[in-house]
Structure formats: structure tokens, C-alpha cells
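*Asks:* Residues per chain, in single letters:
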Amino acid sequence: MLKGGFIKNLPKIYGLYTGGFAIFIILMAIAEQYGMSAKNIGIMFVAFTVLIYALIGYLSRTVQVDAYYVAGRQVPTVFNGMATAADWMSGASFVALAGGVYFGGYTYMAFLVGWTGGYVLVASLLAPYLRKFGCYTVPDFIGTRYGGNLVRACSVFVLFIASFTYVTAQINATGTIASRALGIDFELAVWVGLISILVCSMLGGMRAVTWTQVAQYIVLIVAYLLPVFWISNQGGYGFFPHLMLGDEVAKIGELEQTYGLVKNSAAEIAAAGVPGGLKQLSVAHSAVPEGGMAVWKYLSLAICMMVGTASLPHILMRYFTTPSVKAARKSVAWSLFFIFLLYSSAPMLATLSKLSLLDPNLASGIIGKSIADVQALEWVQRWSEVKQVFIADFNGDGVLQLNEFFMRGDIVVLATPEIAGLPFVISGLVFAGGMAAAMSTADGLVLAISNALSHDIYYKIIDPKADTSKRLIVARVLLVIIGAAGAYIASFRLTSILGSVAWAFDFAMSGLFFPLVLGVWWKRATREGAIAGIMSGILSGLVYLLYVYPKFSVAIWGVAHEPWLGIDHLRFGMIGAPVCLVVMVAVSLMTKAPDKATQDMVDETRIPTGKTVIGKQH
Amino acid sequence: MSNNRDTYWGKTKNHMIVTLVIWFFFSLVIFMFGSELNTMSFLGYPLAYYMTAQGSLLAFVVLLFWTANKQEKIDEEHGFSEREED
Chain A
1 MLKGGFIKNL
11 PKIYGLYTGG
21 FAIFIILMAI
31 AEQYGMSAKN
41 IGIMFVAFTV
51 LIYALIGYLS
61 RTVQVDAYYV
71 AGRQVPTVFN
81 GMATAADWMS
91 GASFVALAGG
101 VYFGGYTYMA
111 FLVGWTGGYV
121 LVASLLAPYL
131 RKFGCYTVPD
141 FIGTRYGGNL
151 VRACSVFVLF
161 IASFTYVTAQ
171 INATGTIASR
181 ALGIDFELAV
191 WVGLISILVC
201 SMLGGMRAVT
211 WTQVAQYIVL
221 IVAYLLPVFW
231 ISNQGGYGFF
241 PHLMLGDEVA
251 KIGELEQTYG
261 LVKNSAAEIA
271 AAGVPGGLKQ
281 LSVAHSAVPE
291 GGMAVWKYLS
301 LAICMMVGTA
311 SLPHILMRYF
321 TTPSVKAARK
331 SVAWSLFFIF
341 LLYSSAPMLA
351 TLSKLSLLDP
361 NLASGIIGKS
371 IADVQALEWV
381 QRWSEVKQVF
391 IADFNGDGVL
401 QLNEFFMRGD
411 IVVLATPEIA
421 GLPFVISGLV
431 FAGGMAAAMS
441 TADGLVLAIS
451 NALSHDIYYK
461 IIDPKADTSK
471 RLIVARVLLV
481 IIGAAGAYIA
491 SFRLTSILGS
501 VAWAFDFAMS
511 GLFFPLVLGV
521 WWKRATREGA
531 IAGIMSGILS
541 GLVYLLYVYP
551 KFSVAIWGVA
561 HEPWLGIDHL
571 RFGMIGAPVC
581 LVVMVAVSLM
591 TKAPDKATQD
601 MVDETRIPTG
611 KTVIGKQH
Chain B
1 MSNNRDTYWG
11 KTKNHMIVTL
21 VIWFFFSLVI
31 FMFGSELNTM
41 SFLGYPLAYY
51 MTAQGSLLAF
61 VVLLFWTANK
71 QEKIDEEHGF
81 SEREED
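Protein chains in written order, with our numbering: chain A, 1 to 618; chain B, 1 to 86.
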């Protein structure tokens, strides 16, 4: 099915796919006019898209090691860019990013800079060299470059911690979206989500994940951009919102002045009975917070996210699939372009959404209206029922003030089409987009973990004589086990103990960034240095997280600690990564320089031409 | 041959440093002066807001295409250019 002809025909195949999807959207819009219920439209959107992914996953099945681990190294530049963008943009990015911007303002937008700027590090320090090296997994590079099973196992350990933290959140997001769209219990929806994820990856490994991710990117980007452009045009804000919302941003600033940004104390909020996770708007939309600490908070968050991006194995391994080193470099640029399309739209969506709620001149504006009227609105009722929206009349005057309206950040993406009065077909599309985003990231992560375990632990350490079919069976069994473990944790809602997806970035940067970069850029880096660096980095980061995260520190020390220099639990990589660097350099200099063969290997890694360092089959 | 490799790697290293300097400027330096920048405006947006919402992101995209093309030129100059395989 996927022979040379398939690669040549990719633009045509995905062109047809996109056209088919557009026709499906139009059919749903017509069905809505003829009275199809909102619920059924949601079900149709999720079911249809998931079935397509499953079909692609089935058609991409393979029995070859090269295809299973690195998609046969024949994924063209632009398509790999799309697949990486889908791999990268998680359910959290899709559903929560605009909400984060809505509530967090300028400081939160350090995430946008961090999650894009990291690709510059990927492109200039790592991706082309790892591609030349010819490894199957990220620990495969570390294990071969530094030599030995111990260093390989250490890097698998870091990979496991970072990726598993991330994957439970993704399976959780898949479950949340599936449960809302299909109208089933969350506990069941998690397993439905898991099965959808596994059919996309189990039969074809990296090859299947690649082609489903391209399909998922198309769905998620259409689902994100269409509402933004639609609302902007319908409201007369400008036909190209990204360039034309300056007045609206200024208007929000004025409205904030008029209404006043009030932050109620936690005790007041609890006393009013506001459900957990809901927020009031208390941070300015576009103003920069004053003071050196505010600047440091912004910069340190951006640094952690950038360096973390460049260390996450499920992203790095996407660049192992390109046909050449040159293609790997270009592919990073395309990835960032496709990511940019969504990330630059999130602040625009937040702006449009905020204006439509705040502006008293708009029909959709709710601030300053009577609470009884607002509570009669259909979308307010619908989202209040599921505890996503809450109104607390603090001053008891029966009029809604800015600080009296609470909502969950996810609402900005999930409900804005509804609030702005768009047809429900758009909301159905948004559900399908959120599902695509969560599934594609979960797929990449589950594959990254199970590949590292099957290739680096099973094949390289436990049973180097295993034949191809045995290796692939082990890989698939591990895939199911890892996925099931993630779903099990998600179904019991234990994810709240895992805190934030930002942790995955901090773990990865603490243990992997410097061993990877120095492996290419510093010949003197030794095995002992790498082992000491990886372990001291990840452990110091972990200990600091336990120290600084209130839930953990209260459990261990009985008190919550103040963050040191403003380095809170979102930024603990600021501790781990420097420790890793210092220890790795010091230990490397104290131990004997790597032998000639290793140095030659590094030299080979640095030039694009010639055979891969590891060789074609391994 | 080994001399050619050394010059190639020297140029590649310099190119990497130039890329990272530009990256450093757009990712960190400009946000050290967020409040000052926000008094200026671009396309009607306050400048620091614009940069964090869109401007720096766009700068990274342009930087990556530029840097990949430049590196390809360095490859060609030293005979390390790969055949088109895709």
C-alpha cells in the first residue's frame, strides 16, 4: 500500500482527504438545518474522524523494523512538518491555550514564545545530527555515543518520567472530549480514547503514526482557524484577525479600566461556592506587569519551555524519519510554520472571546447586565450544568460585575463559537479538532516510550539476538501496556496529582538536554560524565519539585515552601539543567577522554553526507 | 580532506552561533524590556504584546528557513551536499 507510488502521490491523497473533510462539514451543516440535534452532530464529527484515523492506521501496518521505528525514513519534508505539528500540539494546546491567554495575559504568553522558540534549538543543535547518526530512539543516540548499557538505561529512565507525565494528561484530554462529544461517562470515554489511540499506532508503529498525524493536523488546524476567522468577520473586526485586532485589544484595555480588575481572596471564592478550576478575570489583557521579578518570571518560563522542547524525545524522533539530513533541517522549519498557524491564533481567539463577553454594546456582552438575564442564556445554563461556568454575586446587587463571572479556561475554545452565535456544526468541528490534537500527541508519546523500552531496554540490553518478528511483538505488547497504564491513571482521575504538562518539559530539560547537545558539540564529553549529568540533573530537578510544589512539600515536610528566586513548580528545570551541565562537564574533565573510535563517530555525525553512523539495520 | 572537514565544521559552528544570537534576541532580550516596548505600538497593538503573541513566533519561522538555506550553501561549498533523495 505504501510503496514509492504512495510517497509521490501524497499531495493528491491528502488533497482528496481535505476535500472530503470539507464536504463532510458541509453535509453536517445541511443536516443541522434539517434539524439534526447538536448532540448527534458532535457524535458524527468525532466518530467519523476517528474512523478515518483508524483506517489510515490499519492501511499503514508493517512487519519491517525500519518502517515500525522510523517510518522507513522516507517522510517528505513538508508532511513531516505537519506530522510534527500534530505530534506537538496536544489536547492542552488546543483546548487550554487560548483560555490560558485569556486569564493569564502577558506573562502566560511566555508559553507561546517558549513552545515555538525551542524549535530553533532543535534545528541548530540537534535534529540534523541525530538524523545523520541514524538512531531509532533518543536513548539509542546517547547509548551509542557514550557507549554502554548504563548510560542507555539512564536516558530511558528520563524519557520515561518526562513522557509518561505528559501522556496521562493527553489520555485524560482524549477522555474529556470523547465524553462530552459522545455523551458517555468519563471513565468509559478514557478507554474509548485509548482504543482509538492504539489502532492508530499498534499495527504500523511510526509509519502509521506519521500518516495519521498528518490527517489529524489537517482536522485540528481547520477546526481552530475557522471559528477565529468566522467570528472576526461576522463581528466586523476585520477579515484577517491577526493583523487587524489592534483596536479591539485597546478596547479591552479601556473596558478593564472601566470595570476594574478585582481579585477576590481564595476564602471569599470558596465561601461563594465556586467549583474548583474556575477562574475570574483579574489579569490585564495586554499590559506588561511591572518589576524585575515579573520580567524574570516571564524569561525563566520561556527558557524552561524552549530548552524542554529541544529535549522531548517524541519530538526529536520525528526528525529521524526524513530521507536526508538536509530534509531534517527544512522539516523543523516547516514544523514551526504549521505550529505558528495555531499558536498565533490563540491570542486572537482570546481577544475576540473576551471582547464578546465584556463589550456592553454587543448582544453577546454579559458584564453589567442583570444576573437573572445572564443566567437565562442558553450557553450559560448548559455550561453551568457541567460546572464550567459559575456566577457569584459578591455584592448582592443583582448585576454581573467582571469579578463575579467565573469560568474554566477550556470554555474559550469550546464555547466561543456558541457564545458568538455560530451554528453548532462549528462546535462539532471544534470537538473533532480537540480530539485530533489529544490523540496525535498521545500516539507520539506512547510510541516514544514503548520504542525506547522495546529497542533500548529489550533488544539492546536484554536480548540482542532477538529476531525481527520477536522485536516487533515485544514493541506492540509494550505499546498496549503503556497506553493501558496511562488510561488507568487517567480513568481514576489521578492526573491531578501530576500537576502540569509543563513538568514534562522540566524533566526532559533536566536530564536530557545537555547530554544530547554535548554529545554532538563536545567530543570530550565522556560516558561517566553523561551518566553523572543525567542522574544528578533529573534527581536535583525532582527533589526541587517535591520541595516547591505545595501538595508534595506539605505531604513530606508538613509545610509549603516559598519558591527560591521565583522558581516555582513550573520552572524546576531551571535547577535541574544547570546541575546536569556542571556535573557533566566536571566529571567528563576528570575522566579519561573518549577513545579514537568515539571521536571519529562524532566527526562522522557532524557532516551530512555518507552512511548513517549506526548503519542501516541494527 | 581532514582540513576541509575542519573548515566546514568551523563555518557550521559560526552559523549555529549567529542563529542562536538572533534567537536569543527575539526570545529573551526583547522581553527584558517589556514595559518600555509596550509604550510603542505596531499594527495598533502594544509592541511587547504583539511580539509575544505573534512577532517573535514569526521571527523564529523566518529564522529557521533562513538558517536551513544558509547551511545548505555551506554544505555545497565544502562538497558535503547530499543528493536529492526525496
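Worth flagging that the hints you see were computed from the coordinates, not collected in a lab.
Beta carbons are placed, not taken as given, at the ideal position from N, Cα and C, and that holds for glycine.
Among the hints, a few may not be true.
[As the list claims (entries may be wrong)] As a list, the in silico DSS-like pairs of lysine-lysine whose alpha-carbon atoms are at most 30 Å apart:
1) K8(A) x K13(B)
2) K297(A) x K551(A)
3) K70(B) x K523(A)
4) K70(B) x K592(A)
5) K70(B) x K611(A)
6) K523(A) x K73(B)
[Stated by the list, open to error] Here are the computed distance ranges between Cβ atoms for each label pair:
7) I26(A) x M40(B): 43 to 49 Å
8) M40(B) x Y488(A): 49 to 55 Å
9) V21(B) x M293(A): 25 to 31 Å
10) P578(A) x L43(B): 35 to 41 Å
11) V29(B) x M293(A): 57 to 63 Å
12) I556(A) x L43(B): 46 to 52 Å
13) E82(B) x I556(A): 52 to 58 Å
14) F240(A) x N4(B): 31 to 37 Å
*Asks:* All the hints need checking, so say for each whether the structure fits it.
*Replies:* Right, here's what the structure says about each hint:
Under the criterion of a C-alpha separation no larger than 30 Å, the hint pairing K8(A) with K13(B) is inconsistent with the structure, at around 35 Å. With a C-alpha separation of about 21 Å, the suggested pair K297(A) and K551(A) falls inside the 30 Å cut-off, and the hint holds. Between K70(B) and K523(A), the direct Cα distance comes to roughly 25 Å. Compliance with the 30 Å bound is thereby established for this hinted pair. A threshold of 30 Å between alpha carbons decides the hint, and for K70(B) with K592(A) the separation of about 37 Å lies outside it, so the pair is violated.
At most 30 Å may separate the alpha-carbon atoms for a hinted pair to count; K70(B) and K611(A) meet this at roughly 23 Å. This hinted pair checks out: K523(A) and K73(B) have alpha carbons roughly 25 Å apart, not beyond 30 Å. Checked against the hint of 43 to 49 Å, the pair I26(A) and M40(B) passes, with Cβ atoms roughly 44 Å apart. Judged by the Cβ atoms, the range 49 to 55 Å given for M40(B) and Y488(A) holds: they are separated by roughly 52 Å.
The hinted window of 25 to 31 Å between V21(B) and M293(A) holds, with their beta carbons roughly 27 Å apart. At roughly 38 Å, the beta-carbon separation of P578(A) and L43(B) lies within the given 35 to 41 Å, and the hint holds. Distance hint check for V29(B) and M293(A): the Cβ-Cβ separation is about 18 Å, which falls outside the suggested range of 57 to 63 Å. Between I556(A) and L43(B) the beta carbons are some 50 Å apart, a value that agrees with the proposed interval 46 to 52 Å.
The beta-carbon spacing between E82(B) and I556(A), approximately 53 Å, falls within the hinted interval of 52 to 58 Å. For F240(A) and N4(B), the hinted distance range of 31 to 37 Å is not satisfied, since their beta carbons lie about 49 Å from each other.
Violated hints for the displayed structure, listed by number in ascending order: 1, 4, 11 and 14.
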